[in-house]
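Participant: What follows is each chain in one-letter form.
There are 2 protein chains.
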Amino acid sequence: MNKKSNTKLAIRNSHTHLYAVIMAGGSGTRFWPLSRQLSPKQLLKINGDDSLIQQTVKRINSLVPLNRVHIVTNENHYLEMKMQLSSIGNGSCNFLIEPEGRNTAAAIGLAAASLYKKDPDSLMLIMPADHIIKRSERFLDIVRHAAEIAKKDYLVTFGIKPNRPETGYGYIKARSQKSEVRSQKYLKAEKFTEKPDLETAKRYLKEGDYYWNSGIFLWKSSVILNEIKSYLPDLYKNLMDVKKAVGGNGLDAAVRSAYQRIKPISIDYGILEKSKKVAVIPADIDWCDVGSWSALDEVVEKDKDGNIKMGNVIDIGSVNSILYGGKRVLATIGLKDLVVVDTDDATLVCKKTDAQKVGKIVEELKRRGSEAHLTHRTVHRPWGAYTVLEAGDRFKIKRIEVKPKAKLSLQMHHHRSEHWVVVSGTARVTNGDKVYNVHVNESTYIPPSTRHRLENPGIVPLHIIEVQSGEYLEEDDIVRIADDYERVKKLKG
Amino acid sequence: MNKKSNTKLAIRNSHTHLYAVIMAGGSGTRFWPLSRQLSPKQLLKINGDDSLIQQTVKRINSLVPLNRVHIVTNENHYLEMKMQLSSIGNGSCNFLIEPEGRNTAAAIGLAAASLYKKDPDSLMLIMPADHIIKRSERFLDIVRHAAEIAKKDYLVTFGIKPNRPETGYGYIKARSQKSEVRSQKYLKAEKFTEKPDLETAKRYLKEGDYYWNSGIFLWKSSVILNEIKSYLPDLYKNLMDVKKAVGGNGLDAAVRSAYQRIKPISIDYGILEKSKKVAVIPADIDWCDVGSWSALDEVVEKDKDGNIKMGNVIDIGSVNSILYGGKRVLATIGLKDLVVVDTDDATLVCKKTDAQKVGKIVEELKRRGSEAHLTHRTVHRPWGAYTVLEAGDRFKIKRIEVKPKAKLSLQMHHHRSEHWVVVSGTARVTNGDKVYNVHVNESTYIPPSTRHRLENPGIVPLHIIEVQSGEYLEEDDIVRIADDYERVKKLKG
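Residue numbers (the numbering used here), protein chains in the order written: chain R, 15 to 507; chain U, 15 to 507.
Calculated directly from the structure, the hints in this document are not laboratory data.
A couple of the hints might just be wrong.
Pairs count within a copy or across copies, as identical chains cannot be separated in the list.
List of simulated lysine-lysine pairs, BS3-like, C-alpha gap at most 27 Å [as the list claims (entries may be wrong)]: (1) 419 - 341; (2) 366 - 350; (3) 175 - 205; (4) 380 - 350.
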């Protein structure tokens, strides 16, 4: 083993108490129609081959191995997230499932209670799942440095030096530096502020001791729990109830029960604005929170005309535009400063300067009862996934992928027949009292009110096309009789 | 019968030699992605509930009954056109099918030869199928007047008084008016010009004796044939060959043979620029040839923000824009002077001033071998229609409608199996040696290399979902064994 490896090992070992906590509960609408309630920003491949959460996990992987990564998320996103992260390195991440969102103090508190019980000396590096950091190596250096400061019982926040009077972020004001602090390269935090108006933001930029609050924090689990005890005693009590259950079978129930009582509040407002222990480390890491389509300009490489193009785009003479096509043809001519996003079931066209108004479109869709704010067409399930290809009068068509050795529940529908065409792989079909295999290019059908089950007995994925026909074709016409995934009493998928 | 009806009857009777010839061979790309090679502009509902060709036929219906309407078109568009026009009034139109386009002199000559043989006194009112005329009553008045002038052996052209220096139209210069002509409200044509440049167009507008060439003409079939004999003798010879076959079984073959020899030339360049018999009637009929998306501004009513909206559009604050949505959600924010057209398989976004560049997109699509310039997803066939819903790796899904009592050909595919789910109606299926019925919500499948036939034995339309699966799924993997529509030797549908 050479010297470099030795050093690396030493660094790694010195951080065995360092855990990553990734905040992945967001249900962002700001990248609609690419992001949806069921496919939020952190799961999207916005700027390359990896989704934002994959990038977040990979970024710290050399410092924090997967088994020390804890992801706080919710049931809706858990399966897809797990699938995305299964492709990274050895081992697997830990998931903390919130029954519903209660803002950041609860999410961080949940992670702190859980980590403290496992390792009372644990240090928590808290990171949002949906940010882009271009200078990864520099980021790791700062994490190492922040860990040293956090060991002195500071709540370390990562501050980004502003380069423009941004009104979309919160700011941290650093106190004038004392020499003993300066020598250790951190600042004491004096004040946290909410998103300022433009005038104020300009003043902050000029005054020079304000930093953007990146939402990246590093502290001991013991210290943050103590601060929660002081400033949010109700939350603390609930977290202690959860802590008792950590490591046992009752954790889910304990979390569910605690979350019913927890009042939502942000960690900034609830703790950081009040605590005397907050430090700021200026983090020159080329950070971007990609808050809207127009933010892509900062993080994705543009062509010589200033355009960002993805997918099946044919363009004539556009400039400074973001052109996101999918499978279908997106043809654009002579556009300037526009955002065009074309997906299977919705298209967005807006000026870059209006990109933050996308939320209003999503609200309007909700009001109209449209599903286009909710789902992309592919839905992940424990046994695989399905994509709704088309729905029409009296029929619905899905493409279904079943993982090797996986099976759907034994089920029954009252109002529809289902027709299965095997496109690749082999299906084992339970159809009433019969069980038989259906091979590639063959099909079978299940009459209404017949118990049935679809199963992949093979070692390669099974792809089928399902055509449902009947009067009523919603997901809630399902009677589950047996299920490998404990969903007999639930009504989904 | 009251006096008004008497007058109407008298007028109608006085025009029993008046025939309408509708030029419907266009394969316009200028309304892509709504128009396609297989769904040209004349078949689209651009400005209301009727397609442009439906509007064209209805407009003259009170003067020219359906059985005196002759439509010149091609095989690709014939079926859908016939279907669209079947909904109008009693009787049916006549169709003249060109094997391929040979420009307007050939199309008009074909109609003239055909009409002259049927009725040597016939007057031909020639109209493009894809124009919009807002003042329909005024148009009929001018047609009646033009018919009187045409009876004096004039080639009457309908001239539109320009209101702008348009460079997209041809112009007709009228000769200074002699009093005897003026009293009869027509002008002698002095000169035809091609599309001018902007300077020239401005001069024309200023000089005042220039008219836009609307492409609407009225003349005796005998007179135009004589002029063709003088100025285009080769075309005349070919038309005389066709004329011999009119009314017999050999017409198709005669047209096909003649068209192989006919050289393409426009009626303007070939005849009207040379003939001494051309008259112009100023036609104040609020005419528009809807040459591109931006022309919709002239013919479709706008909302208070100057927008034209169709389909599933959610807009926030756009102005002066044309927003054409389909089934999917089209969301637009803050657009200005833009055209957005969203269809099932392609989306266009361009500035209004760039709308005429759409042809370049279509060229690029052809170059890339994409089908998005060619078809909309629904294809009409003698037995009904099919729509491609989805195509993927090893599968293709179609929705198929079979008319009552209609049947597809007895056929076979080497490389795919076909799976049919009956969504409504009843299917009679020939599958190898077996013939059986498949009822609603049931399905069946046809293995590769098996003779099969799909038939609707019922009295309501049959709707099925077809899933094809296999290695090769193109339309040319078909062996026709028997067909009700004489398509055994051809390779389509």
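Participant: Against this structure, judge whether each hint is valid.
Facilitator: To see whether the hints hold, each was checked on the structure:
no.: 1; hint: 419 - 341; verdict: neither (31 Å within a copy, 38 Å between copies)
no.: 2; hint: 366 - 350; verdict: both (9 Å within a copy, 13 Å between copies)
no.: 3; hint: 175 - 205; verdict: within (15 Å within a copy, 73 Å between copies)
no.: 4; hint: 380 - 350; verdict: between (30 Å within a copy, 26 Å between copies)
Against the hints set out earlier in the document, a violation occurs for number 1 only.
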